[in-house]
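Top to bottom, those sequences are chains A and B.
The opening residue of the first sequence carries number 1 in the working numbering; numbering runs sequentially from there.
The opening residue of the second sequence carries number 1 in the working numbering; numbering runs sequentially from there.
Hint data in this document are derived by calculation from the structure and do not stem from the laboratory.
Please note: incorrect hints may appear among the correct ones.
[As the list claims (entries may be wrong)] Distance condition first, Cα-Cα at most 30 angstroms in a straight line; then the derived DSS-like pairs of lysine-lysine:
#1 172/A with 90/A
#2 642/A with 181/A
#3 703/A with 8/B
#4 313/A with 116/B
#5 246/A with 171/A
#6 491/A with 8/B
#7 653/A with 313/A
#8 308/A with 190/B
#9 181/A with 653/A
#10 116/B with 187/B
#11 116/B with 308/A
#12 504/A with 116/B
#13 313/A with 246/A
#14 411/A with 114/A
#15 12/A with 114/A
#16 8/B with 504/A
#17 308/A with 8/B
#18 8/B with 246/A
#19 96/A with 246/A
#20 313/A with 188/B
Quick caveat: nothing in here was measured; it's all calculated off a predicted structure.
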Amino acid sequence: MIEVIWGSAKEKPISSRSLAEDLSANLAGDGYLYLGYPIIGSPTGPLKLDALLVSPNFGLVAFDLVEGTDLGEFSARQDDIASMLEVRLKPYAGLKTRRALKFDINVVTYAPAKAHLPDAEPPYFVANRANVGAKVQGFNWAAEAGVFQNLVAAIQVVTSIRAGKQKREPKKADSRGAKLKRVEESIANLDQHQSQAVIETVEGVQRIRGLAGSGKTIVLALKVAYLHSQNPSWRIAVTFNTRSLKEQFRRLINNFTIEQTGTEPDWECIDIMNAWGGPGGRERDGVYHRFCRVNEVPFLDFGAAKRKFGEGKEFAGACSEALSAACHPVALYDLMLIDEAQDLPIEFLRLCYQSLSPPGRLVYAYDELQSLTGSAVPPPEELFGNGADGLPLVRLNQEEGGPRQDIILEKCYRNSRPLLATAHALGFGIYRERGLVQIFDQDTLWTDVGYVVEEGELSGGQPVTLARTPETSPRFLEDHSSPDDLIQFHKFEGSADQTAWLLKAIQADIHEQELRPEDIVVINPNPLTTQREVGPARQQLFAIDINSELAGVSTSADIFSKAGCVTFTGIFRAKGNEAGMVYIMNAQDCASGWDKTATALNRNRLFTAITRSKAWVRILGIGPNMDLLIQEWRTLKQNEYKLRFNYPTDEEKKLLRVINKEMRGKGWTRRKAMRAQRDQLLQAVERGEVDVDQLILELENLKLTSGKK
Amino acid sequence: MSPDSVRKQIMDLIDRLLIASISVKQFTPAIRTVEGGAIQIGGRPGTAIAMRDIAYEDIYRELDSHDAYHVKLVDGGLLLFQYSFRPDRSLAQHRLAYFPSPVLPTVEEAPTLYEKDELYGDITARRLVRFPVRFDYAPDETVDVLHPASHMTLGQYESCRIPVAGPIGPSSFGMFIIRNFYFRAYKKYKNNFDRRPVQIDRTETISANERRVTHIVHGL
């Protein structure tokens, strides 16, 4: 089977398609056919290859595609392609004997529209639809099989993603610093799935899903670099809602474009901006603000939107209002990429879609378990709404042929298997005494995100055992430390104890375990208490000469900017951050909420916090809720970090969803009414209409009786 | 005012800013004894740009990206403390500066952003005018009334030198900024901020002529 990877082939669409058809239909052999890939930087500007076949049967064959019938100077073009490919591949040791490549580089000019081909002598080849299969079959792979694996790897290296250019020089071989260094060195290159996700280009909507740490942000940044190199005139926007991602995107896109083309990207064509944004120049601009300005509809800032639509619905309301006010939205971009889509309202995604020139190229990436605001991302048919004809505007094709519109990155390169299983078990409430908190809508998602069914089956009412494999959770992420060191739970009597323990642990990490301060992140998952909770710990660390940074809008998530500082962060700013050692303080806040939706939301926060860790995580907390979490984790540990539970029936699943929705409405109004009554009572007290002491007495009594329960 | 009391006050102020979580990043001021026995506190590489005649956005970005400050406040405002003492330990000069971020919303514009980590809290149409505040003490450059020994400069205006009664200690300066520009945090952590700092003697250097023009009387 020849697997086709559909890159951006805008300039030669017809010949690309027919080559893909001819080769995948007529060739008896295996391999990958890349369309519109690779791009090779050269002194005279980037050389874009039209197509490249890598096959264990036919070796390496590059194609020079001709759309019409004019072949031009094809032999000169073939010389260029062959020599640039040689330049690209020669740096790899596994591909050459002394200074010569171990295999031939073949180049074929393919002109499907030309009936009569001119004569060509090897090493020059010309083909049309009738004989391209035969021409390719004439080549063969002479080198040994191991070399082929190296070749595939070399071709797929879109870039090296080695993050740490900083120095790490551990002195003890078994310190955490040394272990982290080895882990970081193992994650040097993109894997095949990731590089395919980068290259595959859809003339429409593309969805990328993946777990935290599966490389979504890097894939998006690379996609921008790749598509910008292929289509320099496209106006491209990248958007997200964590401000701290901005610098990271800028650096990644800049580096990748330089690697691809040898030149810097044209920043006039690429906007990296916030989802919302406001007036005040390019630095402060955002997608929604630009939409309002260009379409001349009223812009709402956060405060105004909150007053108008209520808490939690600010952005959704603002976007939906802007969308209905703009009758014919102006096409702002040719391509938009949205990261962290799970944290953005669907109205915003629609607004993006409406701001695109035809054919509406939109790439959105998300991880459904990471929603911090409690809203799930619906399937695309629902997400983008219906057109004038009543049919969904967007449908993801599942059919054969053509680029993949729905991509799942199943391999997780950040979190080890025990860590990820802990995050999932607590996030879903798999071992929770009171039952599941939430569940994936689609059963297949479990296997999509890298679990295998070890026992039982994924069907309603059946017991099932889900486990992660070394395929999807590489062993090197966990082998460096014992499971008891990878993940620990600690319960404390009070806040001061927790801080004291944290201080000691951080001190040991830095002074004994050779971690650098920037390898350590401390997360407080409740956004309302972060400011209050982190103060004492930071002050006490400062007193013993360990500096810290409080992540916020004024700091960058980029590792390069935080040398010498331990990072303290609330959950919202934790996104986009990762570190070797993660401390989660006050985890008890995540055990449950005042209704099921809030519980799910809090559990998601814990999930997000745990998945920030590249190696170790310490979960700290206070009080009985912490006991609940510890109990759930113990059960998971006894089950060898496998998820063993009764899979919910469709009815139960519906209930989980329905309850979430209904409870939100009921609880919300009830709470609101209670608040109003309380205010009235307080006002009555102020006016002297109620006896305060009597009231306090009654409340005290109430406290006693409810305490006894 | 002695090198020791100044250093203690700076460290104490940083402590309080940490407790209140309004310092997001901070650096211990360096103490350096230069040739001849003079002592400099708070030298940081890259701070010279603050005086150059370039756009404020550029000044701010340079200071921010090179960590050329002692405290970065939660909304990006930067505090800088620089003192130098003569070999006999008397104060030779100081430069105290507050550089607000030209881009990020101030705490007053977007309180929920900073207090509740509100995700979209930074989206605000309200725009206050931002301006740097500097307190300089340079007795060697004094020209009566025209260039008072201790003076305050607002908004990088070249000739803005509002006379100040005398040199200012780190707490006095820091609390001037916090009380006026970070009022919400001040109120919320009033106990923390109102505790008496390490004592620094208050001295006056203002001339009789300078007293006749509108001037500022500094506190403790």
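Please verify whether residue 96/A and residue 246/A have alpha carbons no more than 30 angstroms apart. 41 angstroms, violated
Hint check: residue 8/B vs residue 504/A, CA-CA at most 30 angstroms. Holds or violated? The given pair, whose Cα atoms are some 25 angstroms apart, holds under the 30 angstroms limit.
Pair hint residue 411/A and residue 114/A, alpha-carbon separation not exceeding 30 angstroms: The hint is violated at about 44 angstroms.
30 angstroms Cα cutoff - pair residue 313/A, residue 246/A: With a Cα-Cα distance of about 24 angstroms, the restraint between residue 313/A and residue 246/A holds, given a limit of 30 angstroms.
Restraint status (C-alpha distance of residue 246/A to residue 171/A at most 30 angstroms): 35 angstroms, violated
Does residue 642/A pair with residue 181/A here, judged by a C-alpha cut-off of 30 angstroms? Since the Cα atoms of residue 642/A and residue 181/A sit roughly 28 angstroms apart, the hinted pair holds (cutoff 30 angstroms).
Pair hint residue 313/A and residue 188/B, alpha-carbon separation not exceeding 30 angstroms: Since the Cα atoms of residue 313/A and residue 188/B sit roughly 28 angstroms apart, the hinted pair holds (cutoff 30 angstroms).
Given the hinted pair residue 116/B and residue 187/B, is their Cα-Cα distance within 30 angstroms? OK: residue 116/B and residue 187/B at ~16 angstroms, within 30 angstroms.
What's the verdict on residue 504/A and residue 116/B, does the C-alpha distance respect the 30 angstroms limit or exceed it? 28 angstroms, holds
Between residue 491/A and residue 8/B, does the CA-CA distance stay at or below 30 angstroms? 36 angstroms, violated
Within a Cα-Cα threshold of 30 angstroms, do residue 703/A and residue 8/B meet the stated pairing? Roughly 47 angstroms separates the two Cα atoms, so the pair is violated.
Against the 30 angstroms threshold, does the CA-CA distance of residue 8/B and residue 246/A hold or violate the hint? Violated, because 38 angstroms separates the two Cα atoms, which is more than 30 angstroms.
In summary, the numbered hints that this structure violates are 1, 3, 5, 6, 8, 9, 14, 17, 18, 19.
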